[in-house]
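Engineer: Sequence order for the protein chains is A and B. For the first sequence, the tail end lands on 124 under numbering that gives the first Met the number 0, and the numbers increase by one without skipping. For the second sequence, the tail end lands on 639 under numbering that gives the first Met the number 0, and the numbers increase by one without skipping.
A hint or two may mislead.
Derived DSS-like pairs (lysine-lysine); straight-line CA-CA distance at most 27 Å [stated by the list, open to error]:
hint, chain 1, residue 1, chain 2, residue 2
1, B, Lys405, B, Lys360
2, A, Lys17, B, Lys317
3, B, Lys376, A, Lys114
4, B, Lys105, A, Lys23
5, B, Lys150, B, Lys105
6, B, Lys324, A, Lys17
7, A, Lys114, B, Lys520
8, A, Lys114, B, Lys627
Just the calculated beta-carbon pair ranges, DEER-fashion [stated by the list, open to error]:
hint, chain 1, residue 1, chain 2, residue 2, range
9, B, Ala414, A, Leu119, 31 to 41 Å
10, A, Leu119, B, Lys552, 26 to 36 Å
11, B, Leu487, A, Thr21, 48 to 58 Å
12, A, Ile121, B, Glu274, 40 to 50 Å
Don't read these hints as lab results, they were simulated from the structure. Please read all numbers here as calculations on a predicted model, not as lab measurements. C-beta: ideal position from N, C-alpha, C; glycine also.
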Amino acid sequence: MPGILIVEDNRELREMLKESLTRKRFTVQEADNGKDAIIHFKPGVTDLVVTDIIMPEEDGLKVIMTLREIKPSIKVIAISGGGKAGPASYLNMAKALGADAIYYKPFSVNEMIGKIEELLKIEQS
Amino acid sequence: MKHERGKTENQSSLEFLSRENSFSDHILNNSRSMISVINRDYIYVKVNTTFCKAHRGVADAIIGKSLADVWGKETFTRNIKHNIDRCFSGATVKYEASFNTPQAGKRFFEVIFRPFPSNTGKITYLLAETFDITDLKLTEKIAIEKEEEFKKFETNLPIGFLRCEPDGKIMHVNKAFKLIMDFRNEKSLFSKNLRDYYAEKGIFDMHVEQLSDGKPKSFGRVPLITCSGKEIVCRISGFMTINEEGNPSYIDFAFEDSSRELMLENRLLEAQKLETIGALAGGIAHDFNNILATISGYSELLIEDLPHRSPSSEKVAKIQVAVNKARSLTNQILTFSRQVEQEKVPVSVYEVLKETIGFVKSVAPPSITIRSNYKDKQKYVFADPTQLFRVFLNLITNAIQALEDKKGIITVTLAIEDDKKVRGDINKVIVADEYVVVTFRDTGKGMDQSLIRRIFEPFFTTREIGKGSGLGLSVVHGIVSEMDGAILVSSEKGKGSIFYIYLPVYSEKAGQPEFNGKKRKLLFITGNRHESRILSLALESAGFEMTQSSEIKHFNKILAEPGTRPDLVIYMSDAEQIRIDDMVSSFQKYSITPPCIIISESNQDITEENLVSSGITSQHLVKPVSLKEIETAIQLSIKR
Numbered sequence: 000m001p002g003i004l005i006v007e008d009n010r011e012l013r014e015m016l017k018e019s020l021t022r023k024r025f026t027v028q029e030a031d032n033g034k035d036a037i038i039h040f041k042p043g044v045t046d047l048v049v050t051d052i053i054m055p056e057e058d059g060l061k062v063i064m065t066l067r068e069i070k071p072s073i074k075v076i077a078i079s080g081g082g083k084a085g086p087a088s089y090l091n092m093a094k095a096l097g098a099d100a101i102y103y104k105p106f107s108v109n110e111m112i113g114k115i116e117e118l119l120k121i122e123q124s
Numbered sequence: 000m001k002h003e004r005g006k007t008e009n010q011s012s013l014e015f016l017s018r019e020n021s022f023s024d025h026i027l028n029n030s031r032s033m034i035s036v037i038n039r040d041y042i043y044v045k046v047n048t049t050f051c052k053a054h055r056g057v058a059d060a061i062i063g064k065s066l067a068d069v070w071g072k073e074t075f076t077r078n079i080k081h082n083i084d085r086c087f088s089g090a091t092v093k094y095e096a097s098f099n100t101p102q103a104g105k106r107f108f109e110v111i112f113r114p115f116p117s118n119t120g121k122i123t124y125l126l127a128e129t130f131d132i133t134d135l136k137l138t139e140k141i142a143i144e145k146e147e148e149f150k151k152f153e154t155n156l157p158i159g160f161l162r163c164e165p166d167g168k169i170m171h172v173n174k175a176f177k178l179i180m181d182f183r184n185e186k187s188l189f190s191k192n193l194r195d196y197y198a199e200k201g202i203f204d205m206h207v208e209q210l211s212d213g214k215p216k217s218f219g220r221v222p223l224i225t226c227s228g229k230e231i232v233c234r235i236s237g238f239m240t241i242n243e244e245g246n247p248s249y250i251d252f253a254f255e256d257s258s259r260e261l262m263l264e265n266r267l268l269e270a271q272k273l274e275t276i277g278a279l280a281g282g283i284a285h286d287f288n289n290i291l292a293t294i295s296g297y298s299e300l301l302i303e304d305l306p307h308r309s310p311s312s313e314k315v316a317k318i319q320v321a322v323n324k325a326r327s328l329t330n331q332i333l334t335f336s337r338q339v340e341q342e343k344v345p346v347s348v349y350e351v352l353k354e355t356i357g358f359v360k361s362v363a364p365p366s367i368t369i370r371s372n373y374k375d376k377q378k379y380v381f382a383d384p385t386q387l388f389r390v391f392l393n394l395i396t397n398a399i400q401a402l403e404d405k406k407g408i409i410t411v412t413l414a415i416e417d418d419k420k421v422r423g424d425i426n427k428v429i430v431a432d433e434y435v436v437v438t439f440r441d442t443g444k445g446m447d448q449s450l451i452r453r454i455f456e457p458f459f460t461t462r463e464i465g466k467g468s469g470l471g472l473s474v475v476h477g478i479v480s481e482m483d484g485a486i487l488v489s490s491e492k493g494k495g496s497i498f499y500i501y502l503p504v505y506s507e508k509a510g511q512p513e514f515n516g517k518k519r520k521l522l523f524i525t526g527n528r529h530e531s532r533i534l535s536l537a538l539e540s541a542g543f544e545m546t547q548s549s550e551i552k553h554f555n556k557i558l559a560e561p562g563t564r565p566d567l568v569i570y571m572s573d574a575e576q577i578r579i580d581d582m583v584s585s586f587q588k589y590s591i592t593p594p595c596i597i598i599s600e601s602n603q604d605i606t607e608e609n610l611v612s613s614g615i616t617s618q619h620l621v622k623p624v625s626l627k628e629i630e631t632a633i634q635l636s637i638k639r
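If we strip away everything but chain A, and leave its shape as in the complex, we get (with noise of 0.2 Å):
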């Protein structure tokens, strides 16, 4: 199955994607920053990347430029609750980035995982 990495800071949140993500089957990676996303990244493994825009270390915006530098063809879903300037603008950012799909925290995780279907081509059974 395809893999996973999840850039979340907030653990409870970054542990129901996980849970969810997993019942679907994907291979699923985690980091709590941005700079461990990218020192553990592992290009062959990760197919997708799901990434919070504001946290400690690196930010997301960071960890989008990086990944997508190592590994062009990786798929990027960004997540925002916003932060000093709303969400709008940092996703608007991430949007610029290349980042495929954007998401306004709350979201319905059915929602996105159905996206994640889409961009890496899965069939839904």
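Start from chain A and add chain B according to the hints.
Structural biologist: Leaving out everything else, chain B in the frame of chain A:
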């Protein structure tokens, strides 16, 4: 010795006098005035040395000449002759005139003609004495000019000047002071003591005390009460004049009205305060959204875990409704802190306002009169129409709530102001040449200053706990600010309040975007055609073909005709005549399954069970929804 010397002096004086023709000639020639004797033929018969000097001549050259020769024919006939004639008839004539003298050019003179009678009493000569008063005149002129200059300064400057006795009795004031203090008549002005204009009487006495050392002082801003009872703030400085005995004789005060300056400062402070609260609230909302995302995600997982039609499913559905409500709340906070993305389109303010008023009129009690006055119907602003609707609805609702016993008048006006006028009103960067100004005036209970200062703060409410989130006006503030607009309030306790909304006019021609191919058909099921009309306007301009229905027969008719069947349905939960179940059975009747977007009130539980079990995909949005949210929902529905 003494005697001898005296004698010598007497002798020399006599010698001196004998050297001159006469003593009087000596005086005559040494006088600073030009002195002459003139006969009835207007001819000089005698002139003194001063006269000769002024005419650069010797006596012999002037004597025998006529006045017309010496002063010029025109000057003589115009200025001199009639005065001489009067003098020959026995009067002493005195006048001032300017003449050109050969020695010094144009000079001012004081001229005196005195009759010079002979022994027989007949006036054959007159004595003319002409004294040069040019320097005197000049000094006088400068003094007058100086005084006038000072007066100008005193009357034109917007600073009020006042002189009063040490006890505060007013002696003199300038025009500016009268303007600042709203004086209607002079009487009332001087009948009052300066002390009476101070909002706190003790302050005046304190100022006088501080001035008693005779040094000028500035007292900063002092609250005063004008003649019309208005409270203003003036920057006051003063100076006490102390007489030779060391007692105070009077005090001069300068008053500078700084009410406007203070108001602008306060507004800036308000803006900064709201900015801070916004940042804080935005931060909380952000953390909260993370938590909500977790709750929402797990509840979705839980639904999957539960067996189909399990009694617990309903409970999980309730968790999701609660999440939606919370999401709507965090969204409102983010709107206030301007962190929510707004989808903006050119919108006619008139259209939105008209629909809002139409809606309010349909629900407001008849004891409330709502008047509207549209001075413009053409201008567009760049906004999310649903947000604009919220702004207007919120302000009218607040106006209604301000009315006591649900009675009164609400007046809504729409006008256009140019940038110069707006610059004077709002303390903000001006971004357009014109502004749409919408005012909401009520005849309600009004507010005092301390309340006005806080109304835009989030969670500030005057209503009972539980009756309002206290977010209304803070959201209005956020939406208006996001549009580069401004909101102002003026209010008087017991008389009512006025809210002013300034929105920059959108200058590009608001044309319909062009679409290739077939337009998507969107059906609105609604109980409130005013609100959905606003959304329709926005969605039409986004390229959808809009139909509305609020009545089941009409709805079925639309579904019966394949050509009018919708690609998507937006269901507003206020559609009382078409319930969700009705809608679902109609769909089943015609075997169609268009995707649905359900929009409900935040305090409303609606059951979508039938909808879900009938295989229709639906999305649920909670009011207030933004155009952006609806557009996103539509795109998602259509993709599926």
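Engineer: The structure should be examined with respect to each hint, and the outcome stated for every one.
Structural biologist: For each hint, the structure was consulted:
no.	hint	in the structure
1	Lys405(B) x Lys360(B)	13 Å, holds
2	Lys17(A) x Lys317(B)	24 Å, holds
3	Lys376(B) x Lys114(A)	44 Å, violated
4	Lys105(B) x Lys23(A)	112 Å, violated
5	Lys150(B) x Lys105(B)	30 Å, violated
6	Lys324(B) x Lys17(A)	25 Å, holds
7	Lys114(A) x Lys520(B)	25 Å, holds
8	Lys114(A) x Lys627(B)	19 Å, holds
9	Ala414(B) x Leu119(A): 31 to 41 Å	56 Å, violated
10	Leu119(A) x Lys552(B): 26 to 36 Å	47 Å, violated
11	Leu487(B) x Thr21(A): 48 to 58 Å	55 Å, holds
12	Ile121(A) x Glu274(B): 40 to 50 Å	46 Å, holds
The structure fails to meet hints 3, 4, 5, 9, 10 from the earlier list, while all remaining hints are met.
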